[in-house]
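Undergrad: Chain by chain, the residues:
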Amino acid sequence: MNTIIISLLLTLALGLLSGLFLMISFKKFYVQEDPRVEMLLEALPGANCGACGYSGCVGYAEALAGGKETNAAKCGPGGQEVADKVAHIIGLDTVSIVKRVAKVMCNGTKENAVRRSDYDGVKSCRVADFTLKGDRGCVYGCLGFGDCVNVCQFGAMFMGDDGLPHIINEKCTACGKCVEACPHDLIELVPLDRKVFVFCKNLDRGPVAKSYCKVACIGCGLCVKQAPEGAMKLEKNLVIIVDAEKVDEVADKVVGVCPTKAIALDEKFAEVKTV
Amino acid sequence: MAKSTFKGGVHPPYCKYTTGKGIEKLPVPATLYVPLSQHTGKPAKPLVKRGDEVKKGQKIADADGYISACIHAPTSGKVRTIIDHPHPVLLMSDFAIVIEPDGKDEWFEEPLERVNWQESSPEEIVNAVKEAGVVGLGGAAFPTHVKISPPKDKSIDTVIINGAECEPFLTADDRILQERAKDVLWGAFLIKRAVGASRVFIAVEDNKPLAIGKVSDVIKEFPSFELKVVKTKYPEGAEKQLIKALTDREVPRGGLPMDVNCLVQNVQTAVAIYEAVRFGKPLIERVLTLSGDGARGAGNYLVRIGTRFLDVVEMTGDMSDDVIKVINGGPMMGISQYTLEVPVIKGTSGILLFTQKTARRFEEYTCIRCSKCVDVCPMGLLPLMLVDYIKAGRFTEAKEKYGLSDCMECGCCAFVCPSKINHVQWVKFGKQELRRSS
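In the order they appear, the protein sequences are chains A and B.
Residue numbers are given in the working numbering: position 68 of the first sequence equals residue 68, and the series is strictly consecutive.
Residue numbers are given in the working numbering: position 7 of the second sequence equals residue 7, and the series is strictly consecutive.
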């Protein structure tokens, strides 16, 4: 009987002691946590994709709450809805965000781009790029092994039958993973409402470029003349759109003069098949 | 004679079809493309410009720095231009001096026998080799003058002349030993003199009986020379493996053969050294093997540096129409080409043309962890782990934990892999990424 009482008392005393210890340490080491972090985390989609530039949703939430980040519209997957919520929680002004999507700036399909060799190695764009810059004549264009497709977390990309990656705009969150994955820097994040694009990154001279790709930009400069002053420029045999809005206004004219259709309306790609 | 060898390695079909074919001299083609980067180290600096007249053996590009080698005009003619031209090993195009031969093939300086060349001092030998632009002709093309002038604190006691030629198909070294065994030994004699070694081993694989016979005939004239017959196995001719097989010394990780007092030179390099020292003849031509089932004129040819593969193929009787793969070097370590425009460079030991029948293609599957690659790796690495780490982009860890930089890219792992994983390409890619990040 005695043993039972002793052990009971002992347990009780131990319990009390540890309770006391916990209570003291709780008071002493209390960390003031911003309740907004919790709220922000609830508002954010939790995809941890890194589109905001932070390691994940927690990083972004902490930066916002800590005042280090003042842009409430950095969450790609969340879109307008999340941006509004975030702005509301932090007390920032609401910003209207334009949905951006990834776009592949190459139209070197199996039909358009000539192959100079029969590549028989590792099926990866980065490795193929290191090995003689891939198997196509154009060393600036799409390699077609789908490194970008493999890194997409949202299932927004797929390899088309034409040998090029395609993007499903509805699913794309502009996280930028594919942009990093492409060894030729062909993928750009662009506003969804932009119309005209130069689907080429070729820097070779016109005749050379034309010898291996039907739709290469040959640097003729016809489109530059059609566009308002300073909206487009020629650099290293390639046309670059400087001011997208101005170019979009004269979209038909600019696209109409291109002899190789390197510069084209986005619609051409919008119609493209889904998997 | 005991046959020594090393741990690991594989036995590919050796296909030495051209052992019986004597070395034939090929004519000078209509145009020569002489790349500025034909060796390990910095590319050479051109000394000529467009429109210059050059003579055979004239120096047209000078060594840029210590680890570099000079380049000489392979024939007399006019420099047409210096352009970006496809390169057989660099995996990209590089600058090449384009020479239009005038057909006279006149020497800049007629190679004449030097007096008392056998008594040349080490400095004279190193200098002659450097001026002749000799590089390792086994394939890696490391400047020879660097190799034969070891730093003061390293002493070399053993010179190994590498006639193992373990790559399938290639027989150029074999033929050199059969036809010019004495020149090889004289070259070895000069190397021995240059580095002050006490003994010389001539290593030949046991599948070359003709070469062995020839060498054992002439070796009697050279005291302290020894013919070593090694087991036929790939990669027996790799520097570190050969040292292990012959002397049982192991080159430390990241070290050089001179760390274990050895020096390995290819047989053709020995001949080039001999010619450079005795006659002052620069390295403007080399012997290579043209083989593979697509080559109609398979054989061993003495080719001027800068001759395009296309010219070699045309001058030897064309190739069959269904050739789908062209390799510079041997099938194990060679590099496949996307165009026949690439020129023969100092390190080109062979040109292989394969048709659909032999150049089979395989789909790469996932690793099944059978560890066959680990069993055959002559460097004792874990190729499967290397590939895993490189795939994941963890290059520094691959180097530190699994010795990425120690891989010599011999291709044994890829050869035995049942999943047909391209280990070597991954490793090459990993090494490049490592270089880029550091």
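For the record, the hints were derived by calculation from the structure and aren't laboratory data.
A few of these clues could be false.
Derived Cβ-Cβ restraints for the label pairs, each shown as a range [unchecked claim]:
(1) A/F158 x B/R253: 42 to 52 Å
(2) B/A392 x A/I6: 27 to 37 Å
(3) A/E111 x B/L91: 25 to 35 Å
(4) B/T366 x A/G79: 49 to 59 Å
(5) B/A392 x A/P35: 52 to 62 Å
Note that the Cβ used here is the ideal one computed from N, Cα and C, for glycine as well.
Undergrad: With reference to the structure, classify each hint as holding or not holding.
TA: For each hint, the structure was consulted:
no.	hint	result
1	A/F158 x B/R253: 42 to 52 Å	holds (45 Å)
2	B/A392 x A/I6: 27 to 37 Å	violated (59 Å)
3	A/E111 x B/L91: 25 to 35 Å	holds (28 Å)
4	B/T366 x A/G79: 49 to 59 Å	violated (37 Å)
5	B/A392 x A/P35: 52 to 62 Å	violated (38 Å)
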